[in-house]
Each structure stands twice: as structure tokens, then as C-alpha cells.
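*Asks:* At position 173 of the sequence shown the residue is numbered 178 (the numbering used here), and the sequence of numbers has no breaks.
What the hints contain is simulated information worked out from the structure, not anything from laboratory work.
Just so you know, these numbers come straight off a predicted model, no measurement behind them.
For each residue, glycine too, the CB sits at the ideal point set by N, CA and C.
Each hint should be verified, as a subset may be incorrect.
DEER-style ranges, computed between Cβ atoms [said to hold, decoys possible]:
no.	residue 1	residue 2	range
1	Gly146	Ser208	26 to 34 Å
2	Lys205	Ala50	27 to 35 Å
3	Ser245	Leu128	51 to 59 Å
4	Glu20	Glu125	54 to 62 Å
5	Lys153	Lys226	19 to 27 Å
6	Ser235	Met145	40 to 48 Å
7	Glu149	Glu57	16 to 24 Å
8	Glu85	Gly146	13 to 21 Å
9	Glu147	Arg101	55 to 63 Å
Derived PhoX-like pairs: lysine-lysine, alpha-carbon spacing no greater than 20 Å straight-line [unchecked claim]:
no.	residue 1	residue 2
10	Lys116	Lys142
11	Lys23	Lys83
12	Lys153	Lys205
13	Lys15	Lys83
14	Lys83	Lys116
15	Lys51	Lys205
16	Lys51	Lys142
17	Lys23	Lys51
18	Lys150	Lys51
19	Lys153	Lys142
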Amino acid sequence: MAKREGRDIKAVWAEYRKTRSEELRNILMEEYLPTVRYNAERIHAKLPNEVELDDLMSAGIFGLMDAIEAFDLDRGVKFETYCAPRIRGAILDELRSMDWVPRLVRSRVHKVDTARRQLEVELGRTPTNDEIARRLKIPMGEYEKMAKDASAVGVVSLNRKWFETDSNKDVREIDILEDKRGGDPIREIQRKDLKELITKGLSRAERLIIILYYFEEMTMKEIGATLDLSESRVSQMHSSILARLKAQMVDRRKEFQQAAAV
């Protein structure tokens, strides 16, 4: 049975359900952080080298936070099964928003697919990688890189159609729908707009630090444990972010005034 700091994780879940304590929420986030890393690394392994693992981890942590907030113990579904698709969905949504597949990659993927289809028609069978590389007149190493890019594009395009799980029970879409219960929807929209306005132009890691510290009220130590960083490193990054934000305030004063007037 999973435990953290001598505590039964099932007991933590039960207590969190009653109190919605931020301290307990943070314990749960640290408990399931390896699930974020596992899913981020699996997706990263199929992506071009330009994509940073840390960016995927940051996006996955947002998915984990949403999963913890929305999880219903009464459904009888293991949290590991429930949270995995939400984590992957958050990562893939981030990849889409970044438009991480550049035009050059898309062009290369198209060339690989065209060559493969042509050879299938000519040979009457699935061509080997070596045959495709010769058709494209490129070294085998370059072809393998192009094939890796093609695999990554396929992962993103399939995300909305299905979710894989490590259990025998598939997760239905209803199991991963966001829980809309509770809270003032107008206030939530205002909080979301404020977060986006404040964190505009920040990297994913920097944005996460600001949101966890000011909106989720986590301590530097808790943020460090969540992001797998030292407390001093989080504090250093926080100070750097604040300095840059202050320098931008004058240039963005009109933007903030317009947002406040809405």
C-alpha cells in the first residue's frame, strides 16, 4: 500500500475529500509526480529533439492538479488509471498550443509517407527502412530521425480519439470529464484571465511557479518538491521572474487597464 511520510495514501485521499486541504493536495501531487514523469518521458521519446522534457513535465503537472481536484473516490476507479489520460491530454494540448511541429518536420513526414506508399505499390509489400531511405536518397541515420518525427506527429493526432491504460479496464470519456461542481463560474473565469495576463510571456516552468505560489498558495519548499527542484533554486527563479515582470509593467500598463475595465 502506497505511503508518504508514514501516512497511508488512502487515508490522505479520504481526509482530502473532507477538507480539500492544500497541504494534503500537495502531498498527493508529490505522491503521483512519478506518474507525470513516466508519461512525459514516454511522449518525449517519440518527439523531435527540439522539444524539452521539462516543458512536458510542467504541462503534465497541470494535468495532475486538475485530476486531483476532480477525482471522485466513489467511482471505484484507481487514481493512477484516472489521472494518466488527463496528464497525457495536458501534455499534448501544450504541444498543440506550441505548434511544436515546424513546417520542415511536416514536409519531411510527407516525403516519408509518399515514398512508403510508392514502394508498397511497386513491391506489393511493406518496404523496409533501408529501401525507403534509398528511395529518398538519404543516409539511414537521417531517415531514422525523419521516421521519429513522423511517429511523434501520429501520437498527437490520435490523442482525442482514444486513451491507453495499463489496466484491463478502459477509461471512458465520462471518467475524465472536468468536475464542474462548486465555485462561482464568473470568479473562476476572472481568476483564469488574471493568471493568463500575469504569466503572459513566461516559460512553462516560470508560469507554474507563479501559479503555484500566488494562486495555489504553495510554499517554495512544496513547489520545489513538486517540480523536483531545490527550494533555493525555486526562490532564485521566483526572484528573477518578479524582476522581469516589474520591468514589463510599464510597457503593459495599457493592457492591464483594458483587462480591468472588462
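*Asks:* Hint by hint, note whether the structure agrees.
*Replies:* Against the structure, the hints come out as follows:
{"no.": "1", "hint": "Gly146 - Ser208: 26 to 34 Å", "result": "holds, 31 Å"}
{"no.": "2", "hint": "Lys205 - Ala50: 27 to 35 Å", "result": "holds, 31 Å"}
{"no.": "3", "hint": "Ser245 - Leu128: 51 to 59 Å", "result": "holds, 57 Å"}
{"no.": "4", "hint": "Glu20 - Glu125: 54 to 62 Å", "result": "holds, 58 Å"}
{"no.": "5", "hint": "Lys153 - Lys226: 19 to 27 Å", "result": "violated, 38 Å"}
{"no.": "6", "hint": "Ser235 - Met145: 40 to 48 Å", "result": "holds, 42 Å"}
{"no.": "7", "hint": "Glu149 - Glu57: 16 to 24 Å", "result": "holds, 21 Å"}
{"no.": "8", "hint": "Glu85 - Gly146: 13 to 21 Å", "result": "violated, 38 Å"}
{"no.": "9", "hint": "Glu147 - Arg101: 55 to 63 Å", "result": "violated, 27 Å"}
{"no.": "10", "hint": "Lys116 - Lys142", "result": "holds, 11 Å"}
{"no.": "11", "hint": "Lys23 - Lys83", "result": "holds, 19 Å"}
{"no.": "12", "hint": "Lys153 - Lys205", "result": "violated, 32 Å"}
{"no.": "13", "hint": "Lys15 - Lys83", "result": "holds, 11 Å"}
{"no.": "14", "hint": "Lys83 - Lys116", "result": "violated, 43 Å"}
{"no.": "15", "hint": "Lys51 - Lys205", "result": "violated, 29 Å"}
{"no.": "16", "hint": "Lys51 - Lys142", "result": "violated, 24 Å"}
{"no.": "17", "hint": "Lys23 - Lys51", "result": "violated, 40 Å"}
{"no.": "18", "hint": "Lys150 - Lys51", "result": "holds, 10 Å"}
{"no.": "19", "hint": "Lys153 - Lys142", "result": "holds, 18 Å"}
Checked against the numbered hints listed earlier, the structure breaks hints 5, 8, 9, 12, 14, 15, 16 and 17; every other hint is satisfied.
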